[in-house]
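Asks: One-letter residues, chain by chain:
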Amino acid sequence: MSKKIDTKTISFCPEGRLRQVEFAMESIGESNITIGIVAKGGIVIATEKKETKNPFGENFNSEKTFIIDNHIICAASGAIPDSQILIEHARIQAQQYKKIYQDYIPVKKIVEIICDIKQQFTHKGGQRPFGVSFLVAGWDSSNGLQLFRTDSSGTFSGWKAAAIGSNSIINQSILTDEYKNDLDLNQALSVLVKILYKKTNSLEFWKIIDIVLLVLDDKQQILIRKMNREEVNSLVS
Amino acid sequence: SSAIETSAMSITEYNGGGILAMAGKNCVAIASDRRYGVQFQTMATDKNKLYKMHDKLYIGLAGLATDQATFHEKLKFRLAMYSLREERDIKPASFGKLVSTLLYERRFGPYFCEPVIAGLDSANEPYLFASDFIGAPLIPDMDSNGFVVAGTSSEQLFGMCESMWRPGLDPEELFETISQCLLAGSDRDCLAGWGGTVHVICPDKVITRTLRGRMD
Chain E
10 MSKKIDTKTI SFCPEGRLRQ VEFAMESIGE SNITIGIVAK GGIVIATEKK ETKNPFGENF
70 NSEKTFIIDN HIICAASGAI PDSQILIEHA RIQAQQYKKI YQDYIPVKKI VEIICDIKQQ
130 FTHKGGQRPF GVSFLVAGWD SSNGLQLFRT DSSGTFSGWK AAAIGSNSII NQSILTDEYK
190 NDLDLNQALS VLVKILYKKT NSLEFWKIID IVLLVLDDKQ QILIRKMNRE EVNSLVS
Chain S
84 SSAIETSAMS ITEYNGGGIL AMAGKNCVAI ASDRRYGVQF QTMATDKNKL YKMHDKLYIG
144 LAGLATDQAT FHEKLKFRLA MYSLREERDI KPASFGKLVS TLLYERRFGP YFCEPVIAGL
204 DSANEPYLFA SDFIGAPLIP DMDSNGFVVA GTSSEQLFGM CESMWRPGLD PEELFETISQ
264 CLLAGSDRDC LAGWGGTVHV ICPDKVITRT LRGRMD
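So the protein lines, in turn, are chains E and S. Sequential numbering from 10 applies to the first sequence in the working numbering. Sequential numbering from 84 applies to the second sequence in the working numbering.
The set of hints was computed from the structure by calculation and includes no laboratory data. Warning: the hint list may mix true and false statements.
Said to hold, decoys possible - Below are the DSS-like pairs computed for lysine-lysine, each with C-alpha atoms no more than 25 Å apart in a straight line:
id, chain 1, residue 1, chain 2, residue 2
1, S, K288, S, K135
2, S, K159, E, K117
3, E, K228, S, K135
4, E, K107, S, K180
5, S, K159, S, K288
Work the whole structure out from these sequences, hints included.
Replies: Rendered as structure tokens:
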């Protein structure tokens, strides 16, 4: 067997690793930064986006942030077309669950569903793995506010604050330093700004950042919203 | 005491009920009775047969109660997927077509429910729709008969609406008209009644009221 790049996704390399999966993670490591932080009363996710003029106007699901159901949001780093397939599948599964159980699907279950698909593409079929990592944030009645991070191999883990995309190792260590257990949403937003703002030089912060909030109010109602232009700019002015 | 024997009733009369919807000037109203029965036995008097799809779209389902519940869940599923993919609320006319299509998919093993849809389109013009249980649509002409009915009391409701409805009713008049039609219509049907629920859909709000009629 050739010791160079292993072209079969379904084989281990001589060192016992899945090379294609690692290459997929390399590709994610070159793509947009996404950061998620669990705060008291909500979760905030921010993702870098390219500065482009959107001819269709600013709507929620711009580029890299998605609603899966009314209680789960998610942001992607990596090959966005790959993410669309997984998001579509996740949305259908969330509705199937609701149809059978009349209840919101648990966050962990949605993450498992996405990861099971990702794993299949590292196991059989000879197709390349999904080159996308997700941060999935949501609330359910059993476990409250949760944030999960998934990668190309189909591994997932729960986090209080997580960074994916480029410079994720550096950003993750900044989060480790800055995160405190009882951060409120505003403090979480300033931690985000600390990491993301130095990546941009322009004062028009809103053009290159999408910030999405999942907020839990006192009546246990969940509100999902994207911060608008003024709110995003006011974070750095 | 003697139990009521099971009678050979049609499957669409098993649970009973009456639903109607009427159009006014930039408003629509939809109303239903509140009886939930098993043949001649009344089980509950607070059954909800009207479901909100979004702020300007309501559907009422008459017929077999278990099919009402299941069909409603199917619609909720499709509506959620629609708004996630399209990032907007479905137009009433598209929703009417969706309901028709979903019912016809089960042409040879149908859902025994008859839908009545009331909504306001993007120009706040009223939209009404009814169909049989395999999806044949009825969209009435708003100028001459802006009302649709369904359920075991449909014939009584048709008669009431025919005499009492006129075009151009404002929300309060529409509420009065639809309430009187519902109560009088279901009074003459032993399988429907026990009060009523009315939603009046206006461009900026929905007014919901519960009616107290002959409780029998």
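Asks: If a hint holds in the structure, say so; if it doesn't, say that too.
Replies: Comparing the hints with the structure gives:
1. S:K288 to S:K135: Between K288 (chain S) and K135 (chain S) the Cα gap is close to 13 Å, so the pair holds against 25 Å.
2. S:K159 to E:K117: holds, 23 Å
3. E:K228 to S:K135: holds, 21 Å
4. E:K107 to S:K180: Judged against 25 Å, a Cα distance of about 24 Å means the pair holds.
5. S:K159 to S:K288: holds, 21 Å
Checked against the numbered hints above, the structure breaks none of them.
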